[in-house]
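Enquirer: Each chain, written out:
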Amino acid sequence: DTAVSQTPKYLVTQMGNDKSIKCEQNLGHDTMYWYKQDSKKFLKIMFSYNNKELIINETVPNRFSPKSPDKAHLNLHINSLELGDSAVYFCASSGGRSGEQYFGPGTRLTVT
Amino acid sequence: KNQVEQSPQSLIILEGKNCTLQCNYTVSPFSNLRWYKQDTGRGPVSLTIMTFSENTKSNGRYTATLDADTKQSSLHITASQLSDSASYICVVSAGYQKVTFGTGTKLQVIP
Numbered sequence: 171d172t173a174v175s176q177t178p179k180y181l182v183t184q185m186g187n188d189k190s191i192k193c194e195q196n197l198g199h200d201t202m203y204w205y206k207q208d209s210k211k212f213l214k215i216m217f218s219y220n221n222k223e224l225i226i227n228e229t230v231p232n233r234f235s236p237k238s239p240d241k242a243h244l245n246l247h248i249n250s251l252e253l254g255d256s257a258v259y260f261c262a263s264s265g266g267r268s269g270e271q272y273f274g275p276g277t278r279l280t281v282t
Numbered sequence: 441k442n443q444v445e446q447s448p449q450s451l452i453i454l455e456g457k458n459c460t461l462q463c464n465y466t467v468s469p470f471s472n473l474r475w476y477k478q479d480t481g482r483g484p485v486s487l488t489i490m491t492f493s494e495n496t497k498s499n500g501r502y503t504a505t506l507d508a509d510t511k512q513s514s515l516h517i518t519a520s521q522l523s524d525s526a527s528y529i530c531v532v533s534a535g536y537q538k539v540t541f542g543t544g545t546k547l548q549v550i551p
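If you're matching them up, the sequences are chains R and A in order. Count along the first sequence starting at 1, add 170, and that's the number in the numbering used here. Count along the second sequence starting at 1, add 440, and that's the number in the numbering used here.
The reader is advised that the hints may include incorrect statements.
[What the hints assert, rightly or not] Partner residues are not named here, just some residues of chain A that face chain R (Cβ under 7 Å, in silico):
1. Arg-482
2. Ala-526
3. Ser-527
4. Ala-534
By construction, these hints were calculated from the structure, which means they are not laboratory data. Quantities reported herein were computed from a predicted structural model and do not represent experimental measurements. Cβ coordinates follow ideal geometry from the N, Cα and C atoms, glycine included.
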């Protein structure tokens, strides 16, 4: 069973387009996250949701909009894609006392 | 400013050898420290987690140490295998939801 899944795994699109990445977790966790990993492999948090409520919103362009229809899902919608948005986007979830985060496989976004 | 610095940036070792990765942090207040392993093309996977009161934690051939006084942690890998080739990321939490990621050490194990 896949704990945290993301779709699609690869996404190639042109500048100016709008795209969405979906994330689902079946761990029963209350908290979900979106991270961006750039070419230097540095992971940077973008958003965090707890029980469908936004609790962390780092300095991210408002072209990025997360949506959490329920506790198990956190989708990321990106408007007017730019070249600099090319990166690997990871979804993660956490729960329990330790707060350990479980990561999805990542979505490699390439903007041309 | 909360920071997590890792060294070395990259490391190449021969299969069967041991190695130690370093993590220095300035995160405050300290909650816990985790080491993650990230294989190429995959998401990070947790190896160990340590709280303030723990100074060593093992997971198979991986042993993490923590010195909360000097704010340093190390990850020791014993008898390395080719499958250990990956990036290792140190992550420090300063309380609920306040997580700082290190830039990682890329390890390559060669036959």
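Enquirer: Answer holds if the nearest beta-carbon of chain R is closer than 7 Å to that of A/Ser-527; otherwise answer violated.
Expert: This hint holds: A/Ser-527 lies near chain R, its Cβ roughly 6 Å from the closest one there, short of 7 Å.
Enquirer: Does A/Arg-482 meet its interface restraint, that is, does its C-beta lie within less than 7 Å of any C-beta in chain R?
Expert: Because about 6 Å separates A/Arg-482 from the closest Cβ in chain R, which is inside the 7 Å limit, the hint holds.
Enquirer: Against chain R, with CB atoms and a cut of 7 Å, does the hint on A/Ala-534 hold up?
Expert: violated (12 Å)
Enquirer: Against chain R, run the beta carbon of A/Ala-526 and see if the smallest gap drops under 7 Å.
Expert: violated (11 Å)
When held up to the earlier numbered hints, the structure conflicts with 2 and 4 and fits the remainder.
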